[in-house]
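Enquirer: One line per chain: the protein sequences are A and B, in this order. Just so you know, my numbering puts 25 at position 25 of the first sequence, and the rest follows in order with no gaps. Just so you know, my numbering puts 257 at position 257 of the second sequence, and the rest follows in order with no gaps.
Hints are computed from structural coordinates only; laboratory data are not their basis. One or more of the hints may lead you astray.
Below, a list of computed lysine-lysine pairs in the DSBU-like style, where the Cα atoms sit at most 30 Å apart [claimed, not checked]: (1) B:K77 - B:K328; (2) B:K77 - A:K234; (3) B:K77 - B:K171; (4) B:K328 - B:K171; (5) A:K234 - B:K155; (6) B:K155 - B:K328.
Stretch by stretch, here's where chain B covers chain A in the computed footprint (C-beta under 8 Å, at least three residues) [said to hold, decoys possible]: (7) 23-37; (8) 118-129; (9) 164-170.
Source: prediction; values computed, not measured. Glycine included, every Cβ here is placed at the ideal spot set by N, Cα and C.
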Amino acid sequence: MHRDESTLIPQTGPTTARRDALPAWLLLAPFLAAFGLFFFVPALETFWLSLTESSLTRTNAFVGLDNYHTLLNDPSFWDSVGNTFYFALLTVIPLCALGLLMAMLVDRFTRVQGWLQGAFFLPFVLPISVMTLIADWMLQPSSGVVNHVLGGERAWLADPHWALPAVAIGTIWWTVGFNVLLFLAGLRNIPAELYEAAALDGARGFTLFRTITWPALRPVVTTAVILQLIASLKVFGQTYILTSGGPFNTTRVALHYMYETAFTQSDAGYAAAIAMAFVAIVVMLSLVQAWIVKWLARRDA
Amino acid sequence: MARRGFPRAAALLATLFLVLAGGSAPARAQVEVRMWTLLSGGDGARMRALVDDFNASQRDVRVVSTTLRWGEPFYTKLITASVVGAGPDVATVHLSRIVNLAGGGVLRPIAPAELASVGLRGRDYLPRQWSKAQYEGRTYAVPLDVHPLVLYYNKTLAGQAGLLDAAGNLKPIDGVAALTAAFRTATERTGRRGLTMESSQSSYAIWRLWLAMLVQQNVTIIANGRFTYGPAGAATLAHISEWFTRGYAQAGLDYPASTSQFMGGNAAFMLNGVWEVPELVRATKAGTLGFEYGIVPLPKMYANASTWADSHAFALPANSGHEPSPAKVQAILRFVAYVSQHSLGWAQGGHIPAYAPVAESPAAKSLMPNALYAQAANDAVYDPDGWYMGAAGPLEAIASKFLPAALYGYMTPAQAVHRFETEAARLVRKRPPRY
C-alpha cells in the first residue's frame, strides 16, 4: 500500500464517488429489490387500500379518510390498542430484567455455563404452536400443572383478569432466551481488568454492578428494550392461539382486531386503516423512546 | 441423476393410470363434482354415506367431498375461493347466510328450469325454508334440513322435581316465569343443575336463545340499520343470566362440557340444537345413558312459541371466470335431488328434512325422537336478514363475545348488550359488500 493513496482519496472525492456509484448500486440492488417488492410496495398498497372501501378480493370505492374517521371513534380499536400496550407493559421490562439476571447467572457460574445457557435458550427454539400447546396444557383448569401446584381450579385463559397476564408469562418463558444471549454478549465484552481494578479499590457486589456492569451494558439494554418493545407490540400468535382474543375481547390485541376485520368481516379497507394507524402509533412510540434515551445520555454527560 | 428420471417415471405412471382407468370407464366421460362441506362428526359421516350411495347409484356423476372446519374459517374460504373463481362446484351453506353470500356475489342463482330438469320444484320444500333460499327474487340454494333449538329433559330428574305428567312426559311450560320455576325446582329437588347449556366465551348458543326469546315477544331486532329491541334486549339477557347467577345452570361450560353434564345425568334440562339427538339415540341404544330422555320444542315464554333455527342447504359458488357448464350444473343438481329424496337418512342426525315429500312421509313422521319436536319447523326463526347476519357471520361473532359475559357476572346484562351494540354498530351501518 502506498502511503500517498490515503491522502489522495479526499481530494478526488467526487470522481471516486461517481466511479463507485455503479458497484454500490449493484451491491445494494438485491436488498433494494427485496425491500421494494416485499415491503415498500405492499406498504404503499396497504395505504392506498386504507383509503378505499374494499373486501378481501375486490377494491371498491375510494372513500378518502372515512376509514380513519371511523377508526378514531371506534372504541374496539382503542380497546385493542390498550390491550397491546398492556401486554407490552407486562412483557418488556420483565423480559429485559430477567434476561439480564439470567445472563449474569450464566456468566458467573462458568462450570455449568453450557447447561444453563442451553436451558435458558431452549424455549426460544420452539415453534409458536408448540409453545402455546405447552402453555395451554400447563394452564388447564382441572388438569394443568399450574393449578396443581397453586391449588384451586382457576380457568386462567378464560378469566378476564388473568388471561393476558397468563399469555404474557408464557411469552416471557418463550422468548427470554434471546435477551440472555444479547446480554451475555454484552457482559463478555466488558474487560475483566475493570473488575480487577475495582476490586483492588475495594468495590464489592452491587457496587461492581452499578459502577461497571450497568454503564458498560447500557447500549445493549437500550437495544434490547427497543427490540423487545417492537416484538411485544407485534404480538398476535400467542393470543390468537391461546385465547382467540377472549374472554370478552380482553386479550384482543391490535393486530388481532385487524385480522378479524379483514377475515371475519371481509373489510380489507378498514383493516388496512387499522394497520396504518397502528404503524403510526408504533413509530411515534419509537421516536419518543429514542428521544428519552438521548435525553438520558445528555443528562448523564 | 435420479431427479432427472422423475418426470419420465411420472409420465409412465400417468399413462398406466389412464390405460387402467380407460379400461373400466364408460364411453361417456364421468362428470366430477367437487363439494365443500362444513359438516363434521355424525353429520359428516351421514353426508359421506349419502355421497357414497349417490356415487354408487349411477356412473355419470362422481361427487368428491372435502370437509373444512365449521364456522368462520369455512365461510372465509368459500367466499374468497368463489370470487376468484377457484371455489368448489357445490357447497353446503346455512340458509341464514344466503343474504350475505348471494348479496356479496359469492353464489350463482339456480334457474327454475335447471331445477325442473332434475325434477325439483320449489313447492316441494317447506315454504319457510324455500323462501329463505331466495334473494331478490332468485333461488340461491336448495334447502336440506331445519335444525331448531329445543329443550331436552332427563325424565328421572324432571320426575323427582314433579315436572312430569302421568304419562311421564313434561307438563306444558308456559311463560318465562314457569320455565325459570322449572329450572329452580329441578335444582332444589334433585341437587343437580336444573339446566345445562353451552355458555363459554365465544359460544353462539346464548345469541340463539336471546334471539328466540326476543322474537317470542314480537320484538324486531334490527330495522333500517338500527337495533330496535330497546330495553327488551337487556331485560331478556337478564332473564337468561339469572338462571346462571342463581346457580340453576353452571356458567362457562363449553359445548362438550355442557352436553356431558346432561348425558351424565347431572342436569335436568338442556337447551341445545337438535344436532345432539344422535348422541342420545346412540347412548340409549348402547345402554350407556343412565336415564330416559324427552325433547320438547323451545317452550313458549312470551307471546308466541318461536324458536331459533338454521338450515343446511346446497348452493353453487359463483366462481366468476370459471362458471360451470350446463352439463356440470345438471350433474350437481342431480346429486342435490338425490340427497333431497334420500334425506330420511339425514333426519337421523336429528334434523327435520326440508324436502316435503320426505318430511311428510309416514316414515319421517314416525321417526323417534324427531317426531317429538317436528312441529318446531313451523315456528323456526332465522337470524334477521342482513349482510352481516347468519351462522358464524360477523355479527354472531360479536354477539358470541359479549352476551355470555353477562352470565359470568363480568358485565351486567345492560353492559353486555351495550358493548355488543357498540361494536356491531359499524357493521350494521356499513353498505353490504360485494366480495
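Enquirer: Take a quick look at whether K155 of chain B and K328 of chain B sit within 30 Å of each other, Cα to Cα.
Expert: 51 Å, violated
Enquirer: Would the hint linking K77 of chain B and K234 of chain A be met if the CA-CA limit is 30 Å?
Expert: 25 Å, holds
Enquirer: Assess, step by step, whether the Cα of K234 of chain A is no farther than 30 Å from the Cα of K155 of chain B, and give holds or violated.
Expert: Distance of about 53 Å is beyond 30 Å: violated.
Enquirer: Given the proposed pairing of K328 of chain B with K171 of chain B, does the C-alpha separation stay at or below 30 Å?
Expert: 52 Å, violated
Enquirer: If you count the residues of the segment 164-170 of chain A with a beta-carbon closer than 8 Å to a beta-carbon of chain B, do you get 3 or more?
Expert: It is violated, with 0 qualifying residues against the three required.
Enquirer: Are there three or more residues in the segment 118-129 of chain A whose C-beta lies closer than 8 Å to some C-beta of chain B?
Expert: violated (count 0)
Enquirer: Given the hint that K77 of chain B pairs with K328 of chain B, does the C-alpha gap stay at or below 30 Å?
Expert: Holds. K77 of chain B to K328 of chain B sits at ~22 Å (cutoff 30 Å).
Enquirer: Take a quick look at whether K77 of chain B and K171 of chain B sit within 30 Å of each other, Cα to Cα.
Expert: 46 Å, violated
Enquirer: Apply the coverage criterion to the segment 23-37 of chain A and chain B: a residue qualifies when its Cβ sits closer than 8 Å to a Cβ of the chain, and three qualifying residues are needed.
Expert: violated (count 0)
Figure legend: structure checked against the earlier numbered hints; hints not met, in rising order: 3, 4, 5, 6, 7, 8, 9.
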